[in-house]
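A.B. asks: Those sequence lines, one after another, are chains A and B. Taking this note's numbering, the leading residue of the first sequence gets 180, the next gets one more, and so forth. Taking this note's numbering, the leading residue of the second sequence gets 157, the next gets one more, and so forth.
Hints were generated in silico from the structure; no laboratory data involved. Computed from a predicted model, the values in this text were never measured in an experiment. One thing to keep in mind: the hints can contain errors.
Straight-line alpha carbon distances no greater than 20 Å define the calculated SDA-like cross-link-like pairs of lysine to any residue that follow [said to hold, decoys possible]:
no.	chain 1	residue 1	chain 2	residue 2
1	A	Lys444	B	Asp425
2	A	Lys440	B	Glu395
3	A	Lys381	B	Pro249
4	A	Lys452	B	Cys306
5	A	Lys882	A	Leu201
6	B	Lys390	A	Phe412
7	A	Lys639	A	Gly397
8	B	Lys417	A	Gln422
9	A	Lys440	B	Asp209
10	B	Lys417	A	Asn419
11	B	Lys417	A	Pro442
12	B	Lys254	B	Cys306
13	A	Lys452	B	Arg415
14	A	Lys381	B	Glu395
15	A	Lys638	A	Pro568
16	A	Lys444	B	Asn227
17	A	Lys381	B	Val296
18	A	Lys444	B	Cys306
19	B	Lys417	A	Phe412
20	A	Lys440	B	Asp425
21	B	Lys417	A	Leu201
22	A	Lys444	B	Lys390
23	A	Lys295	A	Arg285
24	A	Lys381	B	Glu228
25	B	Lys279	B	Leu339
26	A	Lys444	B	Gln418
27	B	Lys388	A	Lys882
28	B	Lys388	A	Pro359
29	B	Lys417	A	Thr449
30	B	Lys407	A	Glu520
31	A	Lys444	B	Asp209
Sample of chain A residues facing chain B (criterion: CB under 8 Å; computed from the structure) [claimed, not checked]:
no.	residue
32	Ser300
33	Phe412
34	Gly437
35	Tyr793
36	Gly850
From the three backbone atoms N, C-alpha and C, an ideal C-beta is built for every residue, glycine too.
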Amino acid sequence: MPERDALERSRNFKEVNLGYTLQDALGEAERCIQCAKPVCIAGCPVSIDIPRFIRHVLVRDFDGALEVIYESNIFPSICGRVCPQETQCEAQCILAKKMEPTGIGRLERFVGDNAKPPKASPPVFKPEEKLGKVAICGSGPAGLSCAADLVRYGADVTIYEALHVVGGVLQYGIPSFRLPRDIIDREVQRLRDMGVRFEPNKVIGKTFTVPQLTGEMGYDAVFLGVGAGAPAFIGIPGENASQVYSANEFLTRVNLMGGDKFPYKDTPITIGKSVVVVGAGNTAMDCLRVAKRLGTPLVRCVYRRSEAEAPARIEEIRHAKEEGIEFFFLHGPIEVLTNAEGDVTGMKVERMVLGDPDEKGRRKPMPTGEFKELECDTVISALGTKANPIVAQSTPGIGLNKWGNIVADDGKLESTQATNLPGIFAGGNIATGGATVILAMGAGRRAARAIAAWLKGGKKSWPVTQQEAAAFQPPAKAAKLAPAGATVPTGATETPVHTCPKCRRPIEGDEQFICCGTATLSWRCADCGKVSDGFAFPYGLCPACGGKLTALEDRNIEGEGALRAVRAAFEIELGGMAFYTKAAQETQEPVLRDLFTRFAQMEAEHMSTLSRRYHADAPGPSNEFKIERAAIYAGIDNRPDDPTNLFRIAIAFEQRAVKFFTEAGAATPAGSLEQQLYQELAAEEQEHVAILTTELERYKLGKPGMM
Amino acid sequence: MYTILRREAFSDTTFLWDVLAPDVARAAQPGHFVMVRLREGSERIPLTVADYDREKGTITIVVQALGKTTNEMMTEYKQGDAFLDFVGPLGLPQHVEKFGHVVLVGGGLGVAPVYPQLRAFKKAGNRTTGVIGFRNKSLVFWEEKFRKHCDDLVVCTDDGSYGRPGFVTAALKDICEKDRPDLVVAIGPLPMMSACVETTRPFGVKTMVSLNAIMVDGTGMCGSCRVTVGGKVKFACVEGPDFDGHQVDFKELTTRQRRFKQQETAATDDYAHVCNLEKQLFDQNKRN
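Bound conformation, chain A alone (with noise of 0.2 Å):
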C-alpha cells in the first residue's frame, strides 16, 4: 500500500497509509484466489464473509462489497486500518503459505472509503417486533458495534459516554495518522442516522448507576462496554516527577484536546527536546509518533524483551523506525532521574538479556548489571492499562477477577457476554483487559445478539445461555445480519480437490494449493470475449460478465482479417488517447486535468497491452486533435461550458468503439481468430465505458476520482 514519504509524514498528523488506488485495488481482489472453503473468515472476530466481499470489489461493484461488509461489520474503514490482519484473517490466508495474502485489511478499508453506503435511516419495527430499552455504557468499538446490532434487532439504543465526544479509545487513544477523526465522525453520523441515541459527559457509575439505568430509568438490559482506562504505571523511583506521562494522558492530551495546537486550543502539553517512551505495544508506538510529530528531535524506545517479542504491530515499529525512532530493545527501566526542581533529566536503564520461556511462552528478559543512562526531558509510560474501578464500585455485586475487570461468558464465537447481574452484559476492554479494536467489537456484536435472544424470550432466565443466543431469528429487515459463513455464487463449479485453486489445471504431485503461484497467465471469457492478464479469475468465472474463463496459450497474430482487426484498435486507442491528452490541456479544472491524463494513460496501457500480447508495434501518438471535431465523430452536440462535455463525449467515443468493434465482429466468420479479436476489443471498450461512467457519476457528486 502506498504510503506518505517518512520524512514529510514525521512532521505532520497526516494518514501515514494512503490507502488502495482502483488499481492496487482490483489486482489485488484478483490475487484472492476464493477458495471453495475459505478460512480467512474463520481469523476474523466478527466473522466477515471476505471471499464474497471480494468477488464484488473484482468486478467493481464496491457498493455490492460494502453491503456485504455491513452484514457484519459496521466499521469497514476503521477496521481496514488498526485490525491486526497480519495475525487475524490474513494469518489463515491460503496463499500466505506460498506468497505474500491476499490484503484483506486493505482492500477492505478501500471498500469502507470508497464505496457508497446505502442511506441510513431507522428501521421501522411492528410493535410486537420491537425488543425494548437497552442502555449502552461507552462509546468505544464494543459499544458502538453493540448497538449497531441491537438497533437492526429492533432494540431502543441509548449510548452513554463520559467524555465529550463518541468514539472512546477511536478518539482519545489512536492518532489521526492512523485514524483520520473524519472517519469516526462519518460512522457515528450513521448510527446517528440509523436512531441509535448518544448521551455524552454522562459517567456511568457517577451520573447515572447500572442499577438506576435498570431501576428508574427503565432499561430492559444494559451492555458495560466501558473499556480498561486506568493506566499501569511502571512502579520505578521517580516516576511521579512531572514530565513523566501516561500513554493515556499523553494520547489523550494531543488526540483528543488538541495539545499539538496549543496555544490555539487551551490544553497544553510539555514535550521538550528528548523523550523516552517505556514499552512497545501498539500504544507505545503511538506515543513514540506522536512525539516525533510534536518535533522533538530525540525520541527513543526503551523495552525489556526484544524486538521478537514486542507487542506492537510489525508496521507500526517499521513505520516508527522510518519516521527516525530510536530503539533501546533489552533494556529495563530502573529510575526516572530528577534534578532539584522535580524535573526529568533522563533515566537509568539496564541492558537485559532473554531467559527462559515463562509460562505464557515468552521468554523473561533478566538483568546484567549493566546500566546506562539515558537523558532525556519527558517519560512516557505505554505499559498498558489496568480496569476502571468507576462502574464496579456503584454496581453492588457484579463479578469481578482479581485484576478488577467485570467476569462475562467471553472468549468464543458464541459466548453470550452475560455477567452474574441479571440483564447487565459487559465486553470489550472492561472483561479482557486491554485488547484490540476488533476484539471488542466482536464482542459487543455477540452481546448484542445475546440480548436480542433474552429480550426476545421475555426475560425468563438468567444467564441467558449460548444456545438461546445462537437460536435467535433477527427480524426479516435485519436477516443479513445473521452470522455470516462463506457462500459460493451459482453457477460455480464444484473445485475437485486435486486441480490448481488459481488456474484450475490438474495438479501433479503433491502440491497442495498453487501450481503457477507467479506465472502470469491469460484468460478469454468464453461470453464476453474480454481478454484479461495476470491472474486467476473466482471459480473460473468472468469479472466483467460472469461468463467461463479459459486460460490461453501465448497467441500469434497471423492472417490479413486478424491483423485488420489489431491495427483498428490501434486507431481507436490513438484516437481515445489524442482526444484525452488533448482535453487534460484545455479544461481548466485541474480534477478534470487530472482525470484525462489518466484516461490517456489507460489507452497507452492497453495498447501497449495489445502490441505484448499479439506481438505487434504500436504506432506513435498524435496531437492533431480538436475537441470540436471529436464532438462531431461521436456524434454528439459539443456543449463547452457545460463542465461535463468532456466526459459525454468520451463516453460516446468508447460506446462507439464498442458499436464498432461488435459489428465488425459480427461481419467476421464465426469462431475465427479476427471474430474473437473484434470480441476481445469490444469488451475491453465496454470497459472504458463503464470507467468512465462512474467516474462521471463521481465527478459530479464531487468526489476524488477512482483511477
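Given chain A, put chain B in place with the hints provided.
C.D. replies: Same frame as chain A, now just chain B:
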C-alpha cells in the same frame, strides 16, 4: 449545552455560577467535583461542587479567574449564556457521619466547596466550627450562609481588614489547643492545606483535604492527577479528591501542580494581551 441560570460576582476575580444540569444535581454529594469545557478548543477543568439544588436541577460552582480558561469564564460568559460540556458528579463524596466536633476550614475560594460539607456534617449531628479566611475584607463571601450551619464561626483576613487578623492556621491552632476537634476538613490553595495539615499533626487530629490536582478526563483514565498518599499512588479523580492530609505527599504534589506553569502563564498573558494597534484604531473609530 448547559445554561448558566445565575451569575453572581463576589469580587473582581471571583464569581459564582448556578448551572442547569439536573442529572448532575440529582447525584451530587458533598466532596464531588465536575469537569467543565466551555467551547470547542477549550480545556477540560475540574471544579469542586460548591452547592447543589436537586429541585431546581442546579449545581453551584465558585470560580476564581486565575488562568486563561477561568478568565474566559469571567469575562465571556454572562447569566443566561450556555457552554458546551459539564460532566459529573465525579470523585468520591466525603465520608460524613457523626464524629463529634468537626472543624471546617476554608481558605479563599476553598470556602465554597467546604460549604456543602459543613451542611452535611451539621445535619449528621456534629458540632461544627467554621474557619474561613480571605486576603482582605472585600473578598469575603458566604459568611451568612456559613453562620447558619456553624455552631461557631471564625472569619479571618490576612491583612486584618475584617474579623480575626492573620491566617486560618492560627485560628485552627487555637481551636486544637482549646477545644480539640474530632475531625478537621481543610479546603483551599495547596500551601494553605499543607499548613493546616502541619498545624493539626502534633495534635493527632485527622485532617481531610480536597486535592484539586491537574486532570484531563476526570474519570481515572489519564493518571495526570496521581498523588502519593501513605506511600501509595492514588488517582485524585476516582479515589479522591478527599484524602487524609497527614498521608499526602504535599512536596510532590506541589511540584506536579507546576507541570504546565510555563504554558499556563503564556496562555494567560496571551489572553490578556490587547493589540495596541487594534486598540488605537478602535479608539479612533476606524474599527467596529
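A.B. asks: Does each hint hold? Answer for all of them.
C.D. replies: Okay, the hints, checked on the actual structure:
{"no.": "1", "hint": "A:Lys444 with B:Asp425", "verdict": "holds, 15 Å"}
{"no.": "2", "hint": "A:Lys440 with B:Glu395", "verdict": "violated, 31 Å"}
{"no.": "3", "hint": "A:Lys381 with B:Pro249", "verdict": "holds, 18 Å"}
{"no.": "4", "hint": "A:Lys452 with B:Cys306", "verdict": "violated, 54 Å"}
{"no.": "5", "hint": "A:Lys882 with A:Leu201", "verdict": "holds, 14 Å"}
{"no.": "6", "hint": "B:Lys390 with A:Phe412", "verdict": "holds, 12 Å"}
{"no.": "7", "hint": "A:Lys639 with A:Gly397", "verdict": "holds, 17 Å"}
{"no.": "8", "hint": "B:Lys417 with A:Gln422", "verdict": "holds, 12 Å"}
{"no.": "9", "hint": "A:Lys440 with B:Asp209", "verdict": "violated, 38 Å"}
{"no.": "10", "hint": "B:Lys417 with A:Asn419", "verdict": "holds, 17 Å"}
{"no.": "11", "hint": "B:Lys417 with A:Pro442", "verdict": "holds, 13 Å"}
{"no.": "12", "hint": "B:Lys254 with B:Cys306", "verdict": "holds, 15 Å"}
{"no.": "13", "hint": "A:Lys452 with B:Arg415", "verdict": "holds, 16 Å"}
{"no.": "14", "hint": "A:Lys381 with B:Glu395", "verdict": "holds, 19 Å"}
{"no.": "15", "hint": "A:Lys638 with A:Pro568", "verdict": "violated, 28 Å"}
{"no.": "16", "hint": "A:Lys444 with B:Asn227", "verdict": "holds, 15 Å"}
{"no.": "17", "hint": "A:Lys381 with B:Val296", "verdict": "violated, 35 Å"}
{"no.": "18", "hint": "A:Lys444 with B:Cys306", "verdict": "violated, 44 Å"}
{"no.": "19", "hint": "B:Lys417 with A:Phe412", "verdict": "violated, 24 Å"}
{"no.": "20", "hint": "A:Lys440 with B:Asp425", "verdict": "holds, 17 Å"}
{"no.": "21", "hint": "B:Lys417 with A:Leu201", "verdict": "violated, 51 Å"}
{"no.": "22", "hint": "A:Lys444 with B:Lys390", "verdict": "violated, 29 Å"}
{"no.": "23", "hint": "A:Lys295 with A:Arg285", "verdict": "holds, 17 Å"}
{"no.": "24", "hint": "A:Lys381 with B:Glu228", "verdict": "violated, 25 Å"}
{"no.": "25", "hint": "B:Lys279 with B:Leu339", "verdict": "holds, 15 Å"}
{"no.": "26", "hint": "A:Lys444 with B:Gln418", "verdict": "holds, 16 Å"}
{"no.": "27", "hint": "B:Lys388 with A:Lys882", "verdict": "violated, 56 Å"}
{"no.": "28", "hint": "B:Lys388 with A:Pro359", "verdict": "violated, 39 Å"}
{"no.": "29", "hint": "B:Lys417 with A:Thr449", "verdict": "holds, 10 Å"}
{"no.": "30", "hint": "B:Lys407 with A:Glu520", "verdict": "holds, 11 Å"}
{"no.": "31", "hint": "A:Lys444 with B:Asp209", "verdict": "violated, 33 Å"}
{"no.": "32", "hint": "Ser300", "verdict": "violated, 27 Å"}
{"no.": "33", "hint": "Phe412", "verdict": "holds, 7 Å"}
{"no.": "34", "hint": "Gly437", "verdict": "holds, 7 Å"}
{"no.": "35", "hint": "Tyr793", "verdict": "violated, 62 Å"}
{"no.": "36", "hint": "Gly850", "verdict": "violated, 70 Å"}
Hint violations for this structure: numbers 2, 4, 9, 15, 17, 18, 19, 21, 22, 24, 27, 28, 31, 32, 35 and 36, all remaining hints satisfied.
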